[in-house]
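4 protein chains.
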Amino acid sequence: MIKTGIVGISGYSGGILLEILLKHPQVRVTYVSANNTHGKVDTIWPQVAGYTNLTCEKFDVKKAAKHCDFIFLAVPHTIAMQVTPGLLKAGLRVIDLSGDYRLNSIQQYKKWYGAAHTDAKNIKKAVYGLPELYRENIKKANLIANPGCYPTAALLGLIPLTSTHATAIQSIIIDAKSGVTGAGRKAKLQLNFSEINENFKAYKVLNHQHVPEMELYLSKISKEKFTINFVPHLLPVNRGILETIYVQVNKCLPLKDIHKIYTRFYKTEPFVRILPLGQQPELNNVTKNNYCDIGLATDATNQLLVITSVIDNLMKGAAGQAVQNMNIMCGFDEKEGLH
Amino acid sequence: MIKTGIVGISGYSGGILLEILLKHPQVRVTYVSANNTHGKVDTIWPQVAGYTNLTCEKFDVKKAAKHCDFIFLAVPHTIAMQVTPGLLKAGLRVIDLSGDYRLNSIQQYKKWYGAAHTDAKNIKKAVYGLPELYRENIKKANLIANPGCYPTAALLGLIPLTSTHATAIQSIIIDAKSGVTGAGRKAKLQLNFSEINENFKAYKVLNHQHVPEMELYLSKISKEKFTINFVPHLLPVNRGILETIYVQVNKCLPLKDIHKIYTRFYKTEPFVRILPLGQQPELNNVTKNNYCDIGLATDATNQLLVITSVIDNLMKGAAGQAVQNMNIMCGFDEKEGLH
Amino acid sequence: MIKTGIVGISGYSGGILLEILLKHPQVRVTYVSANNTHGKVDTIWPQVAGYTNLTCEKFDVKKAAKHCDFIFLAVPHTIAMQVTPGLLKAGLRVIDLSGDYRLNSIQQYKKWYGAAHTDAKNIKKAVYGLPELYRENIKKANLIANPGCYPTAALLGLIPLTSTHATAIQSIIIDAKSGVTGAGRKAKLQLNFSEINENFKAYKVLNHQHVPEMELYLSKISKEKFTINFVPHLLPVNRGILETIYVQVNKCLPLKDIHKIYTRFYKTEPFVRILPLGQQPELNNVTKNNYCDIGLATDATNQLLVITSVIDNLMKGAAGQAVQNMNIMCGFDEKEGLH
Amino acid sequence: MIKTGIVGISGYSGGILLEILLKHPQVRVTYVSANNTHGKVDTIWPQVAGYTNLTCEKFDVKKAAKHCDFIFLAVPHTIAMQVTPGLLKAGLRVIDLSGDYRLNSIQQYKKWYGAAHTDAKNIKKAVYGLPELYRENIKKANLIANPGCYPTAALLGLIPLTSTHATAIQSIIIDAKSGVTGAGRKAKLQLNFSEINENFKAYKVLNHQHVPEMELYLSKISKEKFTINFVPHLLPVNRGILETIYVQVNKCLPLKDIHKIYTRFYKTEPFVRILPLGQQPELNNVTKNNYCDIGLATDATNQLLVITSVIDNLMKGAAGQAVQNMNIMCGFDEKEGLH
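Protein chains in written order, with my numbering: chain A, 1 to 339; chain B, 340 to 678; chain C, 679 to 1017; chain D, 1018 to 1356.
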């Protein structure tokens, strides 16, 4: 039984983390904090009424260290790097759900997140928490950079191809569609129901801060430098990401062969499902669970591959993957608390 | 051709007013203002690109008076009563879409809107702009208190009954459901897509500020004092109000007779449709038009009458009704600009 | 470990039952059937891929009896009464989610469901599966009539009042709003996305087949005959029911006293939560769980009580409650598989 | 004043056509028919109550010819080619909203629509009704093949580029998202609210019957053969199409130059709006109007162009464009009835 805390309980990821951890048989939630929302946890999230008597308070590193072995940071970027060094120093293991420790470079961070990074030491040490790629490193890590939602779907969809056919790839275009919880939980006119409902649009066209994260790990794993053209859109649903990934290759890759590569690649993975040929993944099948479902198709020439990858942005794209990482770090069954 | 201005262009009602008036053949929109949103009108509301070159500025009574004969106030309550006296003094005719001039009494206003009323003179003079009841007064009015959305659906649904069977009525319960635009256009966490979508709840149970407005005009018209029990709910749709009205009466009122009373009452009304017996109104049929559709049913004893009344909260419940009032005041065809 | 089967796997209730039972630690799903949908279960419900290798076939009583101890019937009414006698005779325990065994009288059944009842013997013996009222009977039952979704929310919302103040009650009006899965899973133009989305309407006004079920058990428990005026509406959400219940009483019932009665009544119930005064329940808090949340309010005279009751129509309103009943019948922890 | 008829009034396009034509000042609707839906038009489409007394009947070519000068066919493909020859012979002008006359070749038709074409003569004569490309031919046409919804958004988004830089283009990928009315109005489980709502998926990946239509007219106009990779997705909204079009070119095309080309190309077009650089089009701005809004962006190398094109699938993608064609054919103002 480990003692865990959650910093940033009032956002969507924090709320889902709380739900999962309260029901996780090998975990006790012993500390929760938030910046502007205080009081009994079950008035903040009435869904968990009956599961906890915790009170949410302003973050205090000493209190956190006193009550926990393990901390999840579900705070906005720039906040995570302020509290992480103290938590690590106090001997806690940390999983950061923000973008603060993903890019491995303070220059890249500055460029894409528009702020100076204040923890150059740990950004180098953090392990990228995508279990399908870095399970062994995760086991021993003290600081996990939990992957972004878009990169999770993109990397899982691309890695089997890029790691086996890197030189054949000519271009990668990702057309992504995300549910609204992906934008966070904040008062903002553009997120109002009447602005989103019955509407649809692209945003940050070819200019999203998740692109360098995708390119970094795709290139690392595949030992080849890749450029990704990425256009996200805001979908009028609460949860879920679907990415339609278009890969142009310079030789004929028969669909059946590709399918075999993908199936083998994820054969023993508990949370990735390759669909039978002819089927397309849909949000419904991954809502509120930790799966990534992947579909495959090609054009007549077999030189354009269309990979469709879906996840729940709050589960495999955030809180679910964070718990999967914790399970690995603690030696629990990787699926514990996630079915 | 009259020259009209709109104060408060950035809200939903202001935006719809703008769309209607720009296409109205006997009107020119010559002035628009808003408090925090400035610049070209077609960047604020891209739908009207190509219809106007107007620029939105901060409200200025002199400029408004110089450019307009007629003003619509689509501002929050308490703001309307600040600008109305100056506009009237400058000789403009005013239609106020807020609650500031509806209650006829500064005491009631204080009680329900929580603010002192600063224009005691005009609150007495304002004409309640429900054409089906007050058409003759509207013709000559200089200041119209445009009805609230909930009272519009409630009064149109109840008046034929209360004005003919006042003493038989024992209780009135209104269970109302409103689309989200009814809450206005503002940054507010509770109005976020993910908080409203796939959700549903009651609010201000038996305690909504539209209740005294309903009771006032229902009692006036029917010459009998009525109490209304009113519970509103927030519906996950953009536009539309449906009110299910339960009226208990102390004698048997056969449904066919009731239906005849309603049909006759609205026989010549251009914007009220009584459905055939057996049919129920639905939001779809009134979305983006100015109709109020009404359905009727009774229980086996004919002593419980269920009246269902639907409108588009931004049309018959706000901007559409305001234009209907303007048409009446200016001697235009009452339907002009509204089909 | 008991062996259970599900008849009618292709509907929403059947699908949810399957999900719950596959993860239930004391149950093995050993048989599933459907009328028109056959093949591997995980192609019918891709969400459960990885959890089962079962194949769905046409119903066969012998096969069911051979493979199971326990059967859930998630079939349309009239079908349940055809298969139940055979299953009982074969020694299985049966939970029927349809309306076939709820009304206790073949005359009432004929009147409300429009079909002759063919199993007069068992309709008398069936136990009404609302654990909060009939837990002791459920323990020993061989045939459970699982309650309708609307009656579940209504009875839980009303029983504490009617069983303590029966004679004070003058009228009960229930304004109900249900998500679309409540209408079942079938090809029907009126259920198309574009017909429901951004729309809202009442249906079966004062004439729904769940009314006699509510009246029957309300009267039984409260030892007083009640009439219920019930108007359901179709809500553009997938899951959830909210009922706004208006009760007029002939004496002053202070809200605090009522709240105390409700809190005590459900003190030890695992799945009913009475909200603190001032709070209103919302669908979100019960989606995909088995809770019924209840809010209370009164008007100034304390003679009109407004009870708001929410459930997930597929959980506490169908599959969740069925599993709760199974847990009781088998002596399992009542919450097993339901959190 | 011309006399028009609509064949196929019960579908979404037929219904919208009816609404537009009933309010069009130079048109009288004198005949409507449908295959399975009969009776008073205002019981089929309650929105038009008060606008017409027409009765919908089974199609009869003699009756149609007797009552009309002009016919709109809003019927499924294969039906249109059965009735068109008779209507033309009777001297009527015909606008067909189905796919029957778009492909110019009975072989292509057979391949993509899976049925033998029975009117080889007229498929050659039909004019493709995209006014921005074929206005002069439309004026004199007797038979218009009204464009498909996806091709309308695609062609308007691509033509300025392909007709000026055909040889520079290396690949075209279109990622399309369509509202549910695009799938037609029919009872189908996959179109049920609960199957679409909160869900999202791709369908007919690289294999949609609108592809040959796009390729045909794109190649014709641009005098270069193009291949289009097209992946459509079903969006949980009622109306609207957004296509994100990715064009790879073999030279640097500065964004400002591209923007100038597009702005000039559509300078005098009443229904195409090129957005200022930096803005992205959204469904909201074209819902229920006849506009196509187009946004432009490029990557850092200026060799990947991202064109976003939005229309209302029932307006510019079907009924609105049909009326625009009628206006051109009859010499009316092209915008009549469409604002």
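Hints listed in this document are in silico derivations from the structure and should not be mistaken for laboratory results. Just to be clear, a hint being listed does not mean it is correct.
[Said to hold, decoys possible] Listed below are the simulated DSS-like cross-link pairs for lysine-lysine, each with C-alpha atoms no more than 25 Å apart in a straight line:
no., chain 1, residue 1, chain 2, residue 2
1, C, Lys718, A, Lys267
2, A, Lys335, C, Lys901
3, C, Lys788, A, Lys288
4, A, Lys204, D, Lys1141
5, D, Lys1106, D, Lys1128
6, D, Lys1218, C, Lys718
7, C, Lys718, A, Lys23
8, C, Lys802, C, Lys901
9, A, Lys267, C, Lys802
All figures in this text were calculated on a predicted structure; none of them were measured in a lab.
Notebook entry, point to check: Can you list which hints this structure breaks, lowest number first?
Noted result: Numbers 2, 3, 4, 5, 7 and 9 - these are the hints that the structure violates, sorted from lowest upward.
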